[in-house]
Amino acid sequence: MQPDLQQRGRASMDFLAALGGALHATKRVVGAELASAGLDNARLADDFDARFAQFQSALAQAPTTPRYVAIREWMGNHHGQVAMEAFDEVRPRLEPALQALQQRGPTTLERAGADPTPQYTRGIAFHRTATWDGHDYMGYIHGELIHRKLVARNFGGDIYDQRRSFLDVLKRDHYARILELGTSSGNLTVALSRRFPQADITGLDVSLRMLEQAQRVGNELGHAWTLVQRPAEATGFAAASFDLVAGYSLPHELPESATRAMLREAWRVLRPGGELLIGDVVPFLAQDKLTQCWAQLEAVHGGEPFWREFCSLDMARVATEAGFVEARYFGHGERQFPFILHAVKPAP
Numbered sequence: 003m004q005p006d007l008q009q010r011g012r013a014s015m016d017f018l019a020a021l022g023g024a025l026h027a028t029k030r031v032v033g034a035e036l037a038s039a040g041l042d043n044a045r046l047a048d049d050f051d052a053r054f055a056q057f058q059s060a061l062a063q064a065p066t067t068p069r070y071v072a073i074r075e076w077m078g079n080h081h082g083q084v085a086m087e088a089f090d091e092v093r094p095r096l097e098p099a100l101q102a103l104q105q106r107g108p109t110t111l112e113r114a115g116a117d118p119t120p121q122y123t124r125g126i127a128f129h130r131t132a133t134w135d136g137h138d139y140m141g142y143i144h145g146e147l148i149h150r151k152l153v154a155r156n157f158g159g160d161i162y163d164q165r166r167s168f169l170d171v172l173k174r175d176h177y178a179r180i181l182e183l184g185t186s187s188g189n190l191t192v193a194l195s196r197r198f199p200q201a202d203i204t205g206l207d208v209s210l211r212m213l214e215q216a217q218r219v220g221n222e223l224g225h226a227w228t229l230v231q232r233p234a235e236a237t238g239f240a241a242a243s244f245d246l247v248a249g250y251s252l253p254h255e256l257p258e259s260a261t262r263a264m265l266r267e268a269w270r271v272l273r274p275g276g277e278l279l280i281g282d283v284v285p286f287l288a289q290d291k292l293t294q295c296w297a298q299l300e301a302v303h304g305g306e307p308f309w310r311e312f313c314s315l316d317m318a319r320v321a322t323e324a325g326f327v328e329a330r331y332f333g334h335g336e337r338q339f340p341f342i343l344h345a346v347k348p349a350p
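Quick note, the sequence shown lines up with residues 3 to 350 if you use our numbering.
Think of the hints as simulated: they come from the structure by calculation, not from any bench.
Keep in mind it's a predicted model, so treat the numbers as computed, not measured.
Where a beta carbon is used, it is the ideal one built from N, C-alpha and C, also for glycine.
There could be a bad hint or two in this list.
Claimed, not checked - Each pair of labels, with its calculated beta carbon distance range: (1) Ala178 / Val71: 48 to 54 angstroms; (2) Ala242 / Asn43: 30 to 36 angstroms; (3) Ala349 / Pro68: 35 to 41 angstroms; (4) Ala240 / Thr293: 31 to 37 angstroms; (5) Phe157 / Pro120: 23 to 29 angstroms; (6) Ala55 / Ala201: 19 to 25 angstroms; (7) Glu311 / Pro94: 23 to 29 angstroms.
Please work from the sequences and hints to get the whole structure.
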C-alpha cells in the first residue's frame, strides 16, 4: 500500500532523492580530482589500513571533498527524520488501512516474548536511519518511503528485480519449506512467493516493526507467510526442517562471529540436499584497491559498523567450514550485484 503524500512530504522526499543524485555526481568529481593528483591502484599500499590512510589523506586535499562531505552528512542526518515527518502528515488517513492489513489476512506474526535484538546491534542506527523500531510505523516508512522513494531512485539497477533474479541460481523448481533470514519489510519474501507459489514460507527478523510491515505486505497480496521475531543465528526451529534457506542483504549487518553462527544454524535447519542462498554487497575480493577504499569510507560514515568484517570474508570458505558443499561465491550480472553465496547441505 503506497502512500499518497501531501505536497510538503512529497517535495521533501523528492528533494532527498535529488540530493542523492547530487551526491553521486559530486563523488565522481572527487574521484577525478584524486586521479589527477596521482592516486590510483598502483600507488595504493597492499596493507588495508595503510591504503585507507593514504586514501583519506588524498581525499582531504581534493578541492570538492568539502561539498561531498556536506551533502553526505546532511543526508545521513536527515533522511530518516524527513521520511518519518512525511508519513506523519498522512498518518490519519493511512493508519486505519494499515491496521486492517495487520489484523486481517493469512500472514501470521509471532512476536518475541522478550526483545531478541542481539547485543552487538543495540544502540546502532544502521544506515544512519533512526533505529528500526524508532517509530511505531518504521517498517512502513522504511519499505514504502526510504526504500522505494529514496534508495530505489539512487541505487544502480532495479532493487526489486535484483531480489527476483538472484533466485535463478537455485537448482529446483519447487521447495516445500523455505526459511528467509532477515525478512525486513518483505521484498525478498514477495519474490520467493512469486517464484515458488506452493511453498510454505517462514520469515524471521529481530525487528518487530519490519515484520509488521512484512505482514501487511503478505496480507495485501494474500500470501500465508509465517513471520517470527527471532535472530538468524538462533532460529529455534527443528533440525532438518527446511528445503531452502535464503536471505538478502543481511550478513553485512552482522559481525563475523554472528555471520558464522548464522551459516551454522542454516546448515542445522536444512534437510540433507537443501540449499542455502544469500545475496549481499560486493566483497573486497571482487574490488580493486581504490573501490575498496570508497566502499569503506561510505560504510564508516553510513552506519555500517560491520562492513569491513563482512567484506573481508570469503563466504564460500565460511560456508564450507560450516559443513556445506558445492559452495560458490560470485557476482550476479554485469554489475556483480548482488554477490551471491550458494551452497548445499550434503546428504548423509
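Cross-check of the supplied hints:
no.: 1; hint: Ala178 / Val71: 48 to 54 angstroms; verdict: holds (51 angstroms)
no.: 2; hint: Ala242 / Asn43: 30 to 36 angstroms; verdict: violated (46 angstroms)
no.: 3; hint: Ala349 / Pro68: 35 to 41 angstroms; verdict: violated (59 angstroms)
no.: 4; hint: Ala240 / Thr293: 31 to 37 angstroms; verdict: violated (43 angstroms)
no.: 5; hint: Phe157 / Pro120: 23 to 29 angstroms; verdict: holds (27 angstroms)
no.: 6; hint: Ala55 / Ala201: 19 to 25 angstroms; verdict: violated (49 angstroms)
no.: 7; hint: Glu311 / Pro94: 23 to 29 angstroms; verdict: violated (43 angstroms)
In terms of the numbered hints stated before, the structure departs from hints 2, 3, 4, 6, 7, listed from lowest to highest.
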